[in-house]
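Undergrad: Please construct the entire structure, taking both the sequences and the accompanying hints into account.
Residue numbers (full-length UniProt numbering), protein chains in the order written: chain A, 1 to 348; chain B, 1 to 348.
In case anyone wonders, no lab produced these hints; they're calculated from the structure.
The C-beta atom is built at its ideal place from N, Cα and C for all residues, glycine as well.
Worth double-checking, as some hints may not be accurate.
[Said to hold, decoys possible] Label-pair distances were calculated between CB atoms; the ranges are:
(1) A:A62 x B:T290: 34 to 44 Å
(2) B:A257 x A:E250: 32 to 42 Å
(3) A:T273 x B:E202: 28 to 38 Å
(4) B:A138 x A:A30: 18 to 28 Å
(5) B:G13 x A:E202: 48 to 58 Å
(6) A:E135 x B:E105: 53 to 63 Å
[To be verified] Chain A regions said to be covered by chain B (calculated; three or more residues, Cβ under 8 Å):
(7) 22 to 31
(8) 287 to 300
(9) 317 to 331
Number of protein chains: 2
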Amino acid sequence: MTTYNLALIGFGGVNRALATLIRDEPHRFAALGFELRVVAITDLAFGSLVQEEGIDLATVLAMPRGANFEGLRGGSSEPRNEEVIKNSPADIVVEATFTSPVDGEPAVSHVRWALAAGKHVVTTNKGPVALHGRELNALAKENSASFEYEGSVMSGTPVLRLAQKMFEGLQLKGVQGILNGTSNYVLGRMEAGLRLGEAIAEAQEHGYAEADPTADIGGSDVRLKVAILANELLGASLHPDEVDTIGIQEITSDQVAQALANGQRWKLIGEATRGTDGKITASVRPATLTADHPLAGISGATNAVSFETDLLGAVTVSGPGAGRTETAYALVSDIAAVDAFINGGVHV
Amino acid sequence: MTTYNLALIGFGGVNRALATLIRDEPHRFAALGFELRVVAITDLAFGSLVQEEGIDLATVLAMPRGANFEGLRGGSSEPRNEEVIKNSPADIVVEATFTSPVDGEPAVSHVRWALAAGKHVVTTNKGPVALHGRELNALAKENSASFEYEGSVMSGTPVLRLAQKMFEGLQLKGVQGILNGTSNYVLGRMEAGLRLGEAIAEAQEHGYAEADPTADIGGSDVRLKVAILANELLGASLHPDEVDTIGIQEITSDQVAQALANGQRWKLIGEATRGTDGKITASVRPATLTADHPLAGISGATNAVSFETDLLGAVTVSGPGAGRTETAYALVSDIAAVDAFINGGVHV
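TA: See below:
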């Protein structure tokens, strides 16, 4: 069986969940036709670790926060991302750092270094894809490498690959989505009578919302995802700044109650549509949906994308949009796509 | 570009919609990498027509009901299904006859004849797949032919191929679906205050329900689809008779109103689940769903399947479950799968 050597860039929740799957469930990968061996890990807190013959994942997964890799063979307290990405014996670089949504760094640099070195890249980071997707895809092509990022939109729930592989022969006219679990949860709790601030506090207690919920509530998280969907699936070249964005911060309990009384639900909708002139327009804004809308029934922290197609009308997929293991699964599906690329020489 | 020769078995709504796409939108197939040429058509009413160089679809699509193929070159007023399937120069047999859900005939025989002759088969008929799926798949393998039937579950909405291609590396624990548009429409109208009989009459007016709605309302249509899902996706070997089936005929307006008052919705749920002992159990029955259930928001005649997976939890796809053009698209996606089979030698 083929063994792929991985470099894990960032050793937070998602890459730790992936490492846990690799350690505990090799049969899952064997069923896909390959073995995974982690040969390098870098992390802002832990530093860097390179062991060509394979890192013992039990050891590094057991290390407490505050520890670092310095005492280990091949270890250092410095992250040394550039050196590890360029020079470690990894076939696939797994990028899952904490990355700025404004400039996509440090993930953009990580992806560039890896692809330029002819290494395949899988990532869950929205930033590099939303901001530099076209450049990075070109760089991948130039270097005969695969660049996969299913998790950048809806965590492990298939969206990009689903549209690319399941709608052969259909024309995609647009996409609409509920792409932020926190804001959807908050709107649902407002339907149950909570005020916006109370609902946000509850979402934070449940671990859905960040300490600073601005990106969730204000729509800028969804904006990045809409740019990805527009560019990847509709062939647009939109910068996230070109996506008109309004969050749910101005929605009042009264509005939510009023809508509900009329059989409607407020939802934060991200959408991208191909106009009759072929131009793609994209937006993020709160909207009231009637019960027959395919996104009206999406409750709690669930995410969904509804694809508007010419022959089938709306086809909608819903599922988790976050979660460590769920997002790690996106990386698994990306690695399977890299494997298909390597074996077939073409993207599948 | 490759040209595939098709034999259309049955020339009702679905195959007429396919013929219309082939006539009017060759670019749609060119984008998939092939051309389609219809070299044979058989139909109970029209008889049979074989023209090796390709039938002029405009001519046959314009023929009124009551006419038959007798006057045309290569035409006959007799259906001659067996002869056409076995001997016409078709690469792919497109089976879309009016078929009995009890014994799957005449479709089962059509599929057998075609596969035994080494011809690829695409079909929208539930019967052959639900009743004889295992045998027919074995026959296909034996004859190095492809047998595709995406449309047998949810018309053009991808379900079988979605689960097979999008969930690599996941374990599927079970499936739950709303698999009959008529009964879902009826339950929705009962929520709006109609009685069962009134709602059925309305569904018939809208063309959702057959003149005899027994199979829709009584659950036997869903039962066939559940058997297909259980056998194809969970590896079961269930006969439809082994699926415990209760329809919605006993659901009262009072029950529907009562549930709604409690924030719940009655839905006709078809499901198949792998137990801890590995055994697959399957059923069709009305159930009350709370608003957070992934199928609770499926409204009107829309269908949906929710896949219960080990790493992602529930991932749900919804879309049309009927319609002529929608079902013809299932055949298009099946023909694309046959093309991939021919080019790759393997099922994709």
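Undergrad: Next, verify each hint and record whether it holds.
TA: Results for each hint:
Look at A:A62 against B:T290: about 40 Å separates their beta carbons, and that is inside 34 to 44 Å. The given range of 32 to 42 Å is respected by B:A257 and A:E250, whose C-beta atoms sit roughly 36 Å from each other. Here the CB-CB span from A:T273 to B:E202 is close to 32 Å, well matched to the stated 28 to 38 Å. Between B:A138 and A:A30 the beta carbons are some 26 Å apart, a value that agrees with the proposed interval 18 to 28 Å.
In this structure the hint that B:G13 and A:E202 lie 48 to 58 Å apart at CB holds, the actual value being about 50 Å. For A:E135 paired with B:E105, a C-beta distance near 58 Å keeps the hint of 53 to 63 Å intact. Counting residues of the stretch 22 to 31 of chain A whose CB lies closer than 8 Å to any CB of chain B gives 3, which reaches the minimum of 3, so the coverage claim holds. Only residues whose C-beta sits within less than 8 Å of a C-beta in chain B count toward coverage, and the stretch 287 to 300 of chain A has 8 of them, enough to reach three; the restraint holds.
Taking a C-beta to C-beta cut-off of 8 Å, the stretch 317 to 331 of chain A contributes 8 residues in contact with chain B, enough for the three needed, and the coverage statement holds.
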